[in-house]
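**Q** Going down the list, the sequences are from chains A, B, C and D.
All letters in the first sequence, in the order written, are residues 6 to 121 by our numbering.
All letters in the second sequence, in the order written, are residues 6 to 121 by our numbering.
All letters in the third sequence, in the order written, are residues 6 to 121 by our numbering.
All letters in the fourth sequence, in the order written, are residues 6 to 121 by our numbering.
Just to be clear, a hint being listed does not mean it is correct.
Which copy? The list can't say, so a pair holds if one copy fits it or any two copies do.
[To be verified] Pairs of lysine to aspartate or glutamate residues, derived as EDC-like cross-links and limited to a Cα-Cα distance of at most 16 Å, are as follows:
#1 66 x 90
#2 33 x 86
#3 33 x 59
#4 15 x 88
#5 66 x 86
What the hints contain is simulated information worked out from the structure, not anything from laboratory work.
There are 4 protein chains.
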Amino acid sequence: MSKDIIGFTKRIVEFRDARDWKQFHNPKDLSLSLVLEAAEVMEHFQWKNVEEMEKHVRESKEEIGAELADVLYWVLLMSHDLEIDILAALDKKQTKNEEKYPVEKARGKHTKYNKL
Amino acid sequence: MSKDIIGFTKRIVEFRDARDWKQFHNPKDLSLSLVLEAAEVMEHFQWKNVEEMEKHVRESKEEIGAELADVLYWVLLMSHDLEIDILAALDKKQTKNEEKYPVEKARGKHTKYNKL
Amino acid sequence: MSKDIIGFTKRIVEFRDARDWKQFHNPKDLSLSLVLEAAEVMEHFQWKNVEEMEKHVRESKEEIGAELADVLYWVLLMSHDLEIDILAALDKKQTKNEEKYPVEKARGKHTKYNKL
Amino acid sequence: MSKDIIGFTKRIVEFRDARDWKQFHNPKDLSLSLVLEAAEVMEHFQWKNVEEMEKHVRESKEEIGAELADVLYWVLLMSHDLEIDILAALDKKQTKNEEKYPVEKARGKHTKYNKL
Numbered sequence: 006m007s008k009d010i011i012g013f014t015k016r017i018v019e020f021r022d023a024r025d026w027k028q029f030h031n032p033k034d035l036s037l038s039l040v041l042e043a044a045e046v047m048e049h050f051q052w053k054n055v056e057e058m059e060k061h062v063r064e065s066k067e068e069i070g071a072e073l074a075d076v077l078y079w080v081l082l083m084s085h086d087l088e089i090d091i092l093a094a095l096d097k098k099q100t101k102n103e104e105k106y107p108v109e110k111a112r113g114k115h116t117k118y119n120k121l
Numbered sequence: 006m007s008k009d010i011i012g013f014t015k016r017i018v019e020f021r022d023a024r025d026w027k028q029f030h031n032p033k034d035l036s037l038s039l040v041l042e043a044a045e046v047m048e049h050f051q052w053k054n055v056e057e058m059e060k061h062v063r064e065s066k067e068e069i070g071a072e073l074a075d076v077l078y079w080v081l082l083m084s085h086d087l088e089i090d091i092l093a094a095l096d097k098k099q100t101k102n103e104e105k106y107p108v109e110k111a112r113g114k115h116t117k118y119n120k121l
Numbered sequence: 006m007s008k009d010i011i012g013f014t015k016r017i018v019e020f021r022d023a024r025d026w027k028q029f030h031n032p033k034d035l036s037l038s039l040v041l042e043a044a045e046v047m048e049h050f051q052w053k054n055v056e057e058m059e060k061h062v063r064e065s066k067e068e069i070g071a072e073l074a075d076v077l078y079w080v081l082l083m084s085h086d087l088e089i090d091i092l093a094a095l096d097k098k099q100t101k102n103e104e105k106y107p108v109e110k111a112r113g114k115h116t117k118y119n120k121l
Numbered sequence: 006m007s008k009d010i011i012g013f014t015k016r017i018v019e020f021r022d023a024r025d026w027k028q029f030h031n032p033k034d035l036s037l038s039l040v041l042e043a044a045e046v047m048e049h050f051q052w053k054n055v056e057e058m059e060k061h062v063r064e065s066k067e068e069i070g071a072e073l074a075d076v077l078y079w080v081l082l083m084s085h086d087l088e089i090d091i092l093a094a095l096d097k098k099q100t101k102n103e104e105k106y107p108v109e110k111a112r113g114k115h116t117k118y119n120k121l
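So that you can see chain A by itself, here it is in the shape it has in the complex:
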């Protein structure tokens, strides 16, 4: 099975369609699911300080990876359904980021580009 984005998208869409779940997959519920999975990633780090996070990452890498995979799952399925070429979109966005955050102005600061 193809191990790239196109291959995974195909696998996920086939999984979905075999279960006749397309009927539930409007953009609102897809994006809601995306948020819920992102929140599950974040929950792993609630209340933890830096040392506790490092320990948790070492001990629960598999679980955190599974949550991140859930986020990626919805990114891929949503991109498919909305006919968005997600890698082209990332390429474009990243090119913009490189312009919005010039190295000399942005170095060492977590300031938004519009306040740099």
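Let chain A serve as the given structure and place chains B, C and D on it in line with the hints.
**A** For chains B, C and D alone, kept in the frame of chain A given last:
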């Protein structure tokens, strides 16, 4: 430039490191950023009914794609920093999903696997 | 026990302080917790259509109420810690909303005030 | 105007109904809005360390209060629409919390009750 996940991850990490932003990128803030970007995707569909969503997707595909790209950006950067092979994690998760949701039981239902 | 916002805030703060949890309650983790609880409210309505939501509200009112209470818990605790008078803030915000959305312009539309 | 929860709920519902917005206010979109506003609270603390958060709270108390008020707005409106007595729900939830987290077991720990 490589157009696959590994190529994009490399590009994003180099972009980040050139700006000396690693110091801010603890897992808590990375996951918080992931949630914020997922929320921005979801905001596109707030209050809209099915027809309004279809119209919005047609008219704002570029903006929605940019938001989904932001989510993917944090998935890739976070996976890199936590040393998670995100495609292996997705492969594993998807294999589990296929077991948890057998076609004959799950077809046409949006029920969680533990209530099927 | 007082059944208003001031009484509940006092009760929650005393509950927290008796457990020596103030040390974990920086604004980032408080707001992260607020998001997680809001996400749990939202999860109740994932994939459901209007009829299914109505049925679910009838059958799970207690659970949904408990999740909404969790959100309110963090609103009150966070307002306390940041020395924000939350009812004064709501009064102010609502006065602004009334100006930003004049009845004659906003009636029957889910358009943001800056696009009305 | 009444400055308590019941008074504010009345004011918010009248504001909404005067604009004929009830038609958009199904539980899914209400909870989605709740999450979006909670995310806006959280965004205030993205990337900031403890000192930066303290400074930000001092300098932007009004803005943060307005975001927290937005969260409370949706808690009150949603509770109204779903016929949930939110203060009774909070009372009940808090009574449970007091049982789930006995002082002697929970003191100084950010552990979930089921792992205490």
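**Q** All hints are to be evaluated individually against the structure, with a verdict given for each.
**A** These are the hints, each one checked on the structure:
1. For a Cα distance limit of 16 Å, the shortest separation of residue 66 from residue 90 across copies, 10 Å, qualifies, whereas the shortest one inside one copy, 29 Å, does not.
2. With identical chains, the CA atoms of residue 33 and residue 86 are at most 16 Å apart within one copy only, with a shortest distance of 12 Å there and 21 Å across copies.
3. In this assembly of identical chains, the alpha carbons of residue 33 and residue 59 lie at most 16 Å apart only when taken from different copies (11 Å versus 35 Å within one copy).
4. Only within a single protomer do residue 15 and residue 88 lie at most 16 Å apart by alpha-carbon distance; the minimum there is 13 Å, versus 26 Å between protomers.
5. Taking the closest pair of Cα atoms, residue 66 and residue 86 come within 16 Å of each other only across two copies (11 Å); inside a single copy the shortest separation is 30 Å, beyond that limit.
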